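Starting from the structure of chain A, add chain B where the hints point.
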Amino acid sequence: MSTQDKRILEAIDACRTGSDDLSMPELHELAGRIEQDADVQALFDQSQRLDAMIGEAFEEVPVPNGLAEQISASLGAMDAAGDVDTSGHSLIEQSERDEDESAVVNRPVVQNSPVASRAAFLKWVAVAASIAACFTVAVGAVHFFTPREMEVEAFTKEARQWINDLQQNPWKLDLDAPLPSHYNIEPSVVIAPRGWQQLEVPYGSKAVAFDLRKNEGSPFAALVVFDTYDGIEKVGSVLSPVPLSNTGNVCIGACKVENTLYVLIVEGNVDQYRRFIKSQLPPV
Amino acid sequence: MAEKPLPLMAEDDVGTSPESNGDTWPDIHNLIADYHTDLYRYAYRLTGKQDESEDLTQQTFMIAHQKINQLRDPLLARSWLFTVLRNCFLKIKRKQLPRTAASIEVDVNDIPETRLNEDNFDGELLQNALDQLPDEFRLVLVMFFFEGCSYKDIAEKLELPIGTVMSRLSRAKSHLRGKLTTADALMG
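Chains as they are written, first to last, in my numbering: chain A, 204 to 487; chain B, 1114 to 1301.
Isolated chain A, as found in the complex:
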């Protein structure tokens, strides 16, 4: 193979399928050869066909179930821990400080990999992630207003409707009114309620909502507590820093202590939601 042939083949291989790469300066020679030589044209076409098939196969990778939930839970744990990178430098910044990447694979081993150095953190993050993933799945399996399993999406949709219901009725400001002891909200949130009201829910369930707003003009924030859901088994015992739903500027999370179900509804983003809950740091 001559040097020129090699150059032409490299140029052919440099062209992306369906692109206008032939207009690039380094490929002008190839463009000319394609016009003049039918064999080069055929070779180019064949390369493009093969590339199209290879490109398609690149996407064929099965993704593990629950990966997104696992990542979200890890981030939640990281937030709760107040950022794991104690060096003061992110990995990006560290990468920026590294040497020329052209010599990447020719360098000798000098120290442990960054993955290994983060192994301890990732291990407990993985545990937290597993718990959060189980929690998410469990909430989807909760029997709520009907004997059938209720999806998380349906549940959070229902919870959004409570916002309107609660806003239409006045909050009772007397927190000393007699309430069942298991309405204790202590295990769930860190904000003291400023009021409460009974929430009308179907199927004979009982629910009380606690107003967690700082004042009248603050964004909506409430903890709704249910006490009659005996069929609920697999719900986390604490509110996760990762809400079940965070769309439409409303975050919704849930947990269960014994038979009492707690649902936190906060108008705002995830960070605002997290201000209401207790952090759950796993042991390091």
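In case anyone wonders, no lab produced these hints; they're calculated from the structure.
Do not take every clue at face value.
Reference excerpt, derived from the structure (chain A facing chain B, CB under 7 angstroms, subset only) [as the list claims (entries may be wrong)]:
#1 213
#2 217
#3 260
#4 261
#5 266
Straight-line distance between alpha carbons at most 35 angstroms, and here's what the computed DSBU-like set of lysine-lysine pairs gives [unchecked claim]:
#6 B:1162 with A:209
#7 B:1265 with A:209
#8 B:1180 with A:417
#9 A:360 with B:1180
#10 A:209 with B:1204
Cβ pair distances, simulated, as ranges [claimed, not checked]:
#11 B:1261 with A:472: 26 to 36 angstroms
#12 A:222 with B:1276: 16 to 26 angstroms
#13 B:1150 with A:462: 33 to 43 angstroms
#14 B:1143 with A:360: 16 to 26 angstroms
#15 B:1150 with A:403: 39 to 49 angstroms
#16 B:1244 with A:222: 19 to 29 angstroms
#17 A:231 with B:1244: 28 to 38 angstroms
#18 A:461 with B:1143: 32 to 42 angstroms
#19 B:1277 with A:361: 57 to 67 angstroms
#20 B:1140 with A:209: 43 to 53 angstroms
None of the values given here were measured: they were computed from a predicted structure.
All C-beta atoms in this analysis are idealised placements derived from N, C-alpha and C, irrespective of residue type, glycine included.
Chain B alone, transformed into the frame defined by chain A:
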């Protein structure tokens, strides 16, 4: 005041700031929902291992979470995340034992006459062929096929001469074609 662009990104990857174009700031959970599959697949093609791919994907989002204010155009989030993942991968590989190009059998630069049979051509077969390549060859292939980078983009992002990228790309593609065509012929 607009944030300083992420230095690892090419200038044309940075775009305009959300403040200037009215876009909302991207939320990390939305980024996870939108891109975790792409990132995992990208990582898998680079590493060939499920656990390493999960770690890389997770690590990428952790960094993205810390640095999300440096993403100045939500439309470029995918490219930005790929860049973060690629740098994590490179950083890991710098610490590992090298495999040189000479340690594998790289075929001469020719395009096989036989056509690949699509029915016998799958992601696993491709991964086996990729795994035989040294990292620097595999990386340019993944950037070319998965990210859709041009040879020029690859050269800029990896800070390599264009000629080096074109050579690696051609040799790596030749290797793939050789392996996949052989397998196809055996199966056919």
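To see whether the hints hold, each was checked on the structure:
1. A cut of 7 angstroms between beta carbons decides the hint on residue 213 of chain A: the least distance to chain B is about 4 angstroms, and the hint holds.
2. Against a cut-off of 7 angstroms between C-beta atoms, the interface hint on residue 217 of chain A holds, since the closest Cβ of chain B lies about 4 angstroms away.
3. Satisfaction of the interface hint for residue 260 of chain A is found here, the shortest Cβ-Cβ separation to chain B being roughly 5 angstroms, below the 7 angstroms cut-off.
4. Look at residue 261 of chain A: its Cβ gets to within about 5 angstroms of chain B, closer than 7 angstroms, so that hint holds up.
5. Taking 7 angstroms as the C-beta contact cut-off toward chain B, the hint placing residue 266 of chain A at the interface holds, the least distance being around 5 angstroms.
6. Our distance criterion of 35 angstroms between C-alpha atoms is met by residue 1162 of chain B and residue 209 of chain A, whose separation comes to about 34 angstroms.
7. For the suggested pair residue 1265 of chain B and residue 209 of chain A, the alpha carbons sit about 19 angstroms apart, so the restraint of at most 35 angstroms is met.
8. A distance of roughly 31 angstroms separates the Cα atoms of residue 1180 of chain B and residue 417 of chain A; the hinted pair therefore holds under the 35 angstroms criterion.
9. About 32 angstroms separates the Cα atoms of residue 360 of chain A and residue 1180 of chain B, which keeps this hinted pair within 35 angstroms; it holds.
10. Of the supplied pair hints, the one linking residue 209 of chain A and residue 1204 of chain B holds, its CA atoms being roughly 32 angstroms apart against a limit of 35 angstroms.
11. Hint check: residue 1261 of chain B to residue 472 of chain A, Cβ distance near 32 angstroms, so the stated range 26 to 36 angstroms holds.
12. Checking the proposed 16 to 26 angstroms range against residue 222 of chain A and residue 1276 of chain B shows it holds: the Cβ atoms sit about 20 angstroms from each other.
13. One distance hint, 33 to 43 angstroms for the beta-carbon pair residue 1150 of chain B and residue 462 of chain A, holds here, with the actual separation near 38 angstroms.
14. Taking 16 to 26 angstroms as the suggested C-beta distance range, the pair residue 1143 of chain B and residue 360 of chain A conforms, at roughly 19 angstroms.
15. Taken as a hint, the range 39 to 49 angstroms holds for the pair residue 1150 of chain B and residue 403 of chain A, whose Cβ atoms sit roughly 41 angstroms apart.
16. At about 27 angstroms, the beta-carbon gap between residue 1244 of chain B and residue 222 of chain A stays in the expected band of 19 to 29 angstroms.
17. Against the hinted window of 28 to 38 angstroms, the Cβ-Cβ separation of residue 231 of chain A and residue 1244 of chain B comes to about 36 angstroms, which satisfies the hint.
18. For residue 461 of chain A and residue 1143 of chain B, the Cβ-Cβ distance of about 35 angstroms falls inside the hinted range of 32 to 42 angstroms, so the restraint holds.
19. At roughly 59 angstroms, the beta carbons of residue 1277 of chain B and residue 361 of chain A sit within the given window of 57 to 67 angstroms.
20. For residue 1140 of chain B and residue 209 of chain A, the Cβ-Cβ distance of about 49 angstroms falls inside the hinted range of 43 to 53 angstroms, so the restraint holds.
The structure meets every hint from the earlier list without exception.
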